[in-house]
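Engineer: Listed in order, the protein sequences are those of chains A and B.
Counting along the first sequence from 1, when you hit position 426 you're at 425 in numbering that gives the first Met the number 0, and nothing is skipped either side.
Counting along the second sequence from 1, when you hit position 245 you're at 244 in numbering that gives the first Met the number 0, and nothing is skipped either side.
These are calculated hints, taken from the structure and not from any lab test.
For clarity, every value in this text was computed on a predicted model and none was experimentally measured.
Beta carbons: idealized from backbone N, C-alpha and C, even for Gly.
Certain hints may be false.
With a straight-line Cα cutoff of 35 Å, these simulated DSBU-like cross-link-like pairs (lysine-lysine) come out [unchecked claim]: (1) Lys456(A) - Lys206(B); (2) Lys793(A) - Lys242(B); (3) Lys789(A) - Lys242(B); (4) Lys665(A) - Lys306(A); (5) Lys26(A) - Lys11(A); (6) Lys279(A) - Lys1(B); (7) Lys206(B) - Lys665(A); (8) Lys1(B) - Lys26(A); (9) Lys4(B) - Lys58(A); (10) Lys55(B) - Lys1(B); (11) Lys600(A) - Lys11(A); (12) Lys242(B) - Lys457(A); (13) Lys776(A) - Lys793(A); (14) Lys279(A) - Lys4(B); (15) Lys789(A) - Lys153(B); (16) Lys101(A) - Lys306(A); (17) Lys1(B) - Lys58(A); (18) Lys4(B) - Lys153(B); (19) Lys665(A) - Lys242(B); (20) Lys306(A) - Lys183(A); (21) Lys776(A) - Lys242(B); (22) Lys101(A) - Lys640(A); (23) Lys68(A) - Lys4(B); (24) Lys793(A) - Lys206(B); (25) Lys153(B) - Lys793(A); (26) Lys279(A) - Lys58(A); (27) Lys26(A) - Lys496(A); (28) Lys206(B) - Lys789(A); (29) Lys457(A) - Lys206(B); (30) Lys313(A) - Lys789(A); (31) Lys456(A) - Lys242(B).
On the chain B side, residues computed to face chain A include the following (Cβ under 8 Å) [to be verified]: (32) Met0; (33) Gln187; (34) Arg188; (35) Leu259; (36) Ser262; (37) Ala264; (38) Leu269.
Below are the chains, spelled out letter by letter.
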Amino acid sequence: MNKETPLTLLDKPNSYVGRTLSRDAAKRAVAGRGRYTDDIMPARTLHAAFVRSPYGHAKILSIDVEAAKQQQGVALVMTGAELAEMCTGPWVGTLVCFDGMKSEPQHPMAIDRACWQGEPVVMVVATSRAEAEDAAELVTVEYEELPVVIDKETALDPGTPIIHPNLGDNLAFEKTIETGDVEKAVAEADIVIEDTFTFGRHTAVSLEPRALLAEYDPGTERLTIHTSSQCPHMIQAVFARTLGVPEHNVRIVAPDVGGSFGLKIHTFGDEIAATAAAIKLARPVKFIADRLESFATDIHARENRVKGRIAVTKEGIITSMDIDVRSGAGAYSQYPRTSVFEANQILNITGGPYAHENYRASTQVVYLNKVPTSQYRAVGHPIGNTVGESLVDQAAAACGIDPMEFRRRNVMRDDSYPRISAAGIEMRDLSHQQCLETLVDRMGYDALLEEQAEYRKKGIQRGIGIAAFIKGTAPGPAGYYGAGGAPISSQDSCTIKLEPSGGVICMVGVTDQGQGVDTVMGQIAAATLGIPMESVRVIEGDTDAVPYGGGTYASRATAIGGEATYQAAMMLRAEILEIAGVLLQAEPDTLDILDGHVVDKGDSASRISLAEIGRIGHFQVAELPNHIQHTLSATYRFRLKDALYIFTNGIQGAYVEVDTDTGFIKLLNHWVIEDCGRVINPQLADEQVRGGCVQGLGGALYEECVYDSAGQLQNATLADYLVPMAGEMPDIEVAHIQTHTGVSELGAKGVGESGTGAAPAVVMNAVNDAIRPFGGKVTAQPMSPETILKALGKV
Amino acid sequence: MKAPKFNYIRAESRQQALELLDQLGEDGRILAGGQSLMPTLNMRLSQPGTLIDINKVTDLSGITLEDGIVRIGAMTRHVEVANSPIIAENLPLIAEAMQHVAHHAVRNRGTIGGSIALADPAAEMPACVLALGATLVVESINGRREIAAEDYFKGLYETARAANELLVEILIPAEKSDNVSVFLELAQRHGDFAMAGLACVARVSNKTFEELRLVYFGSEDRPTLGAGAIAAVVGQTWSAECKEAAANALADDLDPMTNLQGSAAMKLHLQKVLTGRALDAAIERAEAV
Chain A
0 MNKETPLTLL
10 DKPNSYVGRT
20 LSRDAAKRAV
30 AGRGRYTDDI
40 MPARTLHAAF
50 VRSPYGHAKI
60 LSIDVEAAKQ
70 QQGVALVMTG
80 AELAEMCTGP
90 WVGTLVCFDG
100 MKSEPQHPMA
110 IDRACWQGEP
120 VVMVVATSRA
130 EAEDAAELVT
140 VEYEELPVVI
150 DKETALDPGT
160 PIIHPNLGDN
170 LAFEKTIETG
180 DVEKAVAEAD
190 IVIEDTFTFG
200 RHTAVSLEPR
210 ALLAEYDPGT
220 ERLTIHTSSQ
230 CPHMIQAVFA
240 RTLGVPEHNV
250 RIVAPDVGGS
260 FGLKIHTFGD
270 EIAATAAAIK
280 LARPVKFIAD
290 RLESFATDIH
300 ARENRVKGRI
310 AVTKEGIITS
320 MDIDVRSGAG
330 AYSQYPRTSV
340 FEANQILNIT
350 GGPYAHENYR
360 ASTQVVYLNK
370 VPTSQYRAVG
380 HPIGNTVGES
390 LVDQAAAACG
400 IDPMEFRRRN
410 VMRDDSYPRI
420 SAAGIEMRDL
430 SHQQCLETLV
440 DRMGYDALLE
450 EQAEYRKKGI
460 QRGIGIAAFI
470 KGTAPGPAGY
480 YGAGGAPISS
490 QDSCTIKLEP
500 SGGVICMVGV
510 TDQGQGVDTV
520 MGQIAAATLG
530 IPMESVRVIE
540 GDTDAVPYGG
550 GTYASRATAI
560 GGEATYQAAM
570 MLRAEILEIA
580 GVLLQAEPDT
590 LDILDGHVVD
600 KGDSASRISL
610 AEIGRIGHFQ
620 VAELPNHIQH
630 TLSATYRFRL
640 KDALYIFTNG
650 IQGAYVEVDT
660 DTGFIKLLNH
670 WVIEDCGRVI
680 NPQLADEQVR
690 GGCVQGLGGA
700 LYEECVYDSA
710 GQLQNATLAD
720 YLVPMAGEMP
730 DIEVAHIQTH
740 TGVSELGAKG
750 VGESGTGAAP
760 AVVMNAVNDA
770 IRPFGGKVTA
780 QPMSPETILK
790 ALGKV
Chain B
0 MKAPKFNYIR
10 AESRQQALEL
20 LDQLGEDGRI
30 LAGGQSLMPT
40 LNMRLSQPGT
50 LIDINKVTDL
60 SGITLEDGIV
70 RIGAMTRHVE
80 VANSPIIAEN
90 LPLIAEAMQH
100 VAHHAVRNRG
110 TIGGSIALAD
120 PAAEMPACVL
130 ALGATLVVES
140 INGRREIAAE
150 DYFKGLYETA
160 RAANELLVEI
170 LIPAEKSDNV
180 SVFLELAQRH
190 GDFAMAGLAC
200 VARVSNKTFE
210 ELRLVYFGSE
220 DRPTLGAGAI
230 AAVVGQTWSA
240 ECKEAAANAL
250 ADDLDPMTNL
260 QGSAAMKLHL
270 QKVLTGRALD
280 AAIERAEAV
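Based on the provided sequences and hints, a complete structural model is requested.
Structural biologist: See the structure below:
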């Protein structure tokens, strides 16, 4: 049920909020006029290429760079030891909020030892990337191979080599949370289901790879970095601190960014190296990861094994869930966000839609000689949702209850908030029941069941899947990064200014990666101020221009940055009306702003335009009395107060056909009903959900970073690492329930990851529904044809 | 991912290309459509000294029909083959297979000769020419040589073409009007390299296979004739038992390679499934004629 919230300016007829408007940046991109980091080419730019470890684990005995230095066009060859001299110290990827966590200090390039295949060892900087690669081939590195740790299951066993002897073992972090009494619930349950689930490694595969252009002016000692980033201020802090440049002397610009998906909230050693080269040489240095480097060095994610158990009564009421998670990190914990969020998030959200009160969840995160793991779209959620929703389906089947009905009996009631989840997290403003009934309606659930039965008679095996979900969005300062000690802001800000022309400049800390954050901020500002969209210019992605903020990650841009923009616009609006009141001899609260003009409330006749207020406010200030000390600008910062997250919820449905002879899965239909609170731009919200689903489906069906037993990544090309393509994707029907969050006036929650979080769960449930009559069951992702055939006993 | 340095020569004529090939030997590499070669160069997996570009050699492309033989120039692009009325009418197997050859962008540049010269084990055209009993014509400065498709594919990326020879054309007998053909392929995403695939050409009368060629690709190191499966089916009236016999015989015909797409056992299973489906389809198509 939608909570009644008072009508605001945003709810006016014809408000820009709640309307589909196209993105300005899209017009530029489709015309081929996007300006990405690699499109920026200052004179005298040099290009970096890297010699990377060919081994999963090896001691570096010697490095000979003399031949490379002699090559044509080479300006600099730098080893890890030389780079370390320019740095303030190695990174340690721990946060104090993760009690007991440990990680080996990590240098930007390997010095004595390389711990994953692809770790940078030597940087070559030359006048072109091709020349840099030619010279890199002439660098001779003598290695002594060391034993690798590849299998997370045996990583903690006695006899398994320890990657970092200083740590004592390969354990990065362990944690258990427990509420209620799981063992008692299990003992008393009518039915207990246990299963084990495995998830392959993925990587983000952004269309634009990691990219960085560093420029250093030795005169002013200013460092300017253009980089494809979601979080310019975090990059500023980390790069400044690592390279010993004062933070206020570092400017980070994120120009057009071609997709990010969490990849671009991270910092990478090769990027530090290229920046160090720019400082050392006082020339622009560019580093653009190629696709091979992207696979072998971008963060990976999702490698987990989960044992899960659910206890239910024969009436189909869940009484407990418990899970044990073994999470495979890489060789180091990724600095500064760590490699343990995924496991932690699985603990937080598994079984999250349901009202049971007994829950135990534990994890061990272990180091492996693989690429470091960290946050990728919908961190942990695809895993937690798959485990929880598969257990729920299996329990429903064991009870002989339809899976939709089973969920109907167990989801948290819509009138039960605020409440604390079994994982101990506050839930508020959710709508599981309304989402479920909407899904039943949108899917035509009963008719679909009949259709499925008809197809079964013809020997065609179709499956229907359902997966309810929660999604943690817009994390607050109480939880992780800030409290954990990382230089990552959980607040976000907007500075908004009225220009003499009546135009408005809106500067925001949140950033756009192609999803339309800038358009959404413009809509909020224009709707609040009562001005045409064309009058607003949004500036983002430049630390010299925008107020300090965390940027875009964890579905926070609209929920956090949107509220900051709304409140800043409200402050500017109040000042405009105060000035108008003086000029018009009217009480400000009798006035309104409509289409760029101050009007009497309820009337549309212009009494004075914003352009006139801008002109007087900036040029003819003498027309205003002395006590009006206006600034025609306002800044607002917004953060959550006590909550860990703004949780959202929803439910997905899937309809698939499984070819039981070939193991091929055809996705027929997909539905997402989700509650992101107030929707600002329906089309952009829908497309976030659809794109997110496709990314989730990729992981469920195709994507996996495959390592062999020597720690060699086997499929570092787009021919071998399969990402979903349009032809195989189903239509995805999206509907939004809009339960405004009570933590902000805007009422928006996050939306960008909701598709990803439950898509793997729902498609796995649908596949298992299709093959259930044959006694088959799949619990491993990706669900390759071979996985299906094995489940069916055909190979 | 930048190619190492190489020399580039654009051949203005067939003769010049042949002379360059002869002079350069293994150090020279023919650049046709470039759809396989360019990625391997950029990934530094291959480092030829000189690329001999034959894109301007106009007499290497085109499709003609003479005396029941379809002649396809080696530089003919996939898209031209896909759009050719001669192919559609006379070589329906190739027309059907073309739908599976990568994506539009690749078909616009990639060539049929390039595909056959490279002999990727998962490629469609090598399987088709073997199924159709084609003759591959290679040429060097010493003259022309015709190689039957059966003798051409020697192993993984290995063919009977000598280093100084250029594949210049493909001669394929038009499919007989009472023949049927079926092309099936399994790839997780449309346009990807096949996990398993089958080119089938048959003459069917009264649900009996009188003539049959089954060529498997994607699972073996080269396109492979399923001799045992063929023997199990030819002369038999199509039935469930016959289908099973063909599948059983296939285990001796094939020796699938395990790779990232799946195990040898899975690939053999898939080829068995495809065999049954292709023969079912052949019967259906024969009855529809």
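Engineer: Determine for every hint whether it applies to the structure shown.
Structural biologist: Hints, one by one, checked against the model:
With a C-alpha separation of about 27 Å, the suggested pairing of Lys456(A) with Lys206(B) holds against the 35 Å cut-off. At roughly 17 Å between alpha-carbon atoms, Lys793(A) and Lys242(B) fall within 35 Å of each other, so this suggested pair holds. Of the supplied pair hints, the one linking Lys789(A) and Lys242(B) holds, its CA atoms being roughly 22 Å apart against a limit of 35 Å. Note on Lys665(A) and Lys306(A): the hinted pairing holds, with a Cα-Cα distance of about 28 Å set against a maximum of 35 Å.
Taken as a hint, the Lys26(A) and Lys11(A) pair is honoured in the structure, with Cα atoms around 28 Å apart against an allowance of 35 Å. The hinted pair formed by Lys279(A) and Lys1(B) meets the criterion: a straight-line CA distance of about 25 Å does not exceed 35 Å. Straight-line distance between C-alpha atoms of Lys206(B) and Lys665(A) comes to about 31 Å, which keeps the hinted pair within the 35 Å bound. A distance of roughly 31 Å separates the Cα atoms of Lys1(B) and Lys26(A); the hinted pair therefore holds under the 35 Å criterion.
With a C-alpha separation of about 32 Å, the suggested pairing of Lys4(B) with Lys58(A) holds against the 35 Å cut-off. With a C-alpha separation of about 25 Å, the suggested pairing of Lys55(B) with Lys1(B) holds against the 35 Å cut-off. Taking the CA atoms of Lys600(A) and Lys11(A), the gap is near 13 Å; set against the 35 Å cutoff, the hint holds. Taken as a hint, the Lys242(B) and Lys457(A) pair is honoured in the structure, with Cα atoms around 20 Å apart against an allowance of 35 Å.
Taken as a hint, the Lys776(A) and Lys793(A) pair is honoured in the structure, with Cα atoms around 13 Å apart against an allowance of 35 Å. Among the hinted pairs, Lys279(A) with Lys4(B) is consistent with the structure: their alpha-carbon atoms are about 29 Å apart, no more than 35 Å. A C-alpha spacing of about 33 Å is found between Lys789(A) and Lys153(B), which places the hinted pair at or below 35 Å, so the restraint holds. A hinted pair counts as satisfied when its Cα atoms are at most 35 Å apart, and Lys101(A) with Lys306(A) qualifies at roughly 24 Å.
Between Lys1(B) and Lys58(A) the alpha-carbon distance is near 28 Å, which keeps this suggested pair within the 35 Å criterion. Distance hint between Lys4(B) and Lys153(B) is fulfilled; the C-alpha atoms sit about 31 Å from each other, no more than 35 Å. As the CA atoms of Lys665(A) and Lys242(B) are separated by approximately 26 Å, the hinted pair is consistent with the 35 Å bound. Under the criterion of a C-alpha separation no larger than 35 Å, the hint pairing Lys306(A) with Lys183(A) is consistent with the structure, at around 19 Å.
Our distance criterion of 35 Å between C-alpha atoms is met by Lys776(A) and Lys242(B), whose separation comes to about 28 Å. The hinted pair formed by Lys101(A) and Lys640(A) meets the criterion: a straight-line CA distance of about 29 Å does not exceed 35 Å. Between Lys68(A) and Lys4(B) the CA atoms are separated by roughly 18 Å; this keeps the pair inside 35 Å, and the hint holds. For the hint pairing Lys793(A) with Lys206(B), the CA-to-CA distance comes to about 29 Å; that is within 35 Å, so the pair holds.
A C-alpha spacing of about 32 Å is found between Lys153(B) and Lys793(A), which places the hinted pair at or below 35 Å, so the restraint holds. About 28 Å separates the Cα atoms of Lys279(A) and Lys58(A), which keeps this hinted pair within 35 Å; it holds. Restraint check for Lys26(A) and Lys496(A): the C-alpha separation of about 25 Å stays at or below 35 Å, so the hint holds. Straight-line distance between C-alpha atoms of Lys206(B) and Lys789(A) comes to about 34 Å, which keeps the hinted pair within the 35 Å bound.
A threshold of 35 Å between alpha carbons decides the hint, and for Lys457(A) with Lys206(B) the separation of about 24 Å falls inside it, so the pair holds. For the hint linking Lys313(A) to Lys789(A), the alpha-carbon distance of about 31 Å falls within 35 Å, and the restraint holds. Proximity of Lys456(A) to Lys242(B) is assessed by CA-CA distance (about 23 Å); at most 35 Å being required, the pair is judged to hold. The restraint placing Met0(B) at the interface with chain A holds, with a minimum CB-CB distance near 4 Å, inside the 8 Å limit.
At a threshold of 8 Å, the smallest CB-CB gap from Gln187(B) to chain A is about 6 Å, leaving the interface hint in force. Interface hint at Arg188(B): satisfied, since its Cβ lies 5 Å from the closest Cβ of chain A, which is below the 8 Å cut-off. Contact between Leu259(B) and chain A, as hinted, is supported at the beta carbon level, the nearest pair being about 6 Å apart and thus within 8 Å. A least Cβ separation of about 6 Å between Ser262(B) and chain A falls short of the 8 Å threshold, and the interface hint therefore holds.
With a least beta-carbon distance of about 5 Å to chain A, the hint placing Ala264(B) at the interface is held under the 8 Å criterion. This hint holds: Leu269(B) has a C-beta 6 Å from the nearest C-beta of chain A, less than the 8 Å allowed.
The structure shown violates none of the earlier numbered hints.
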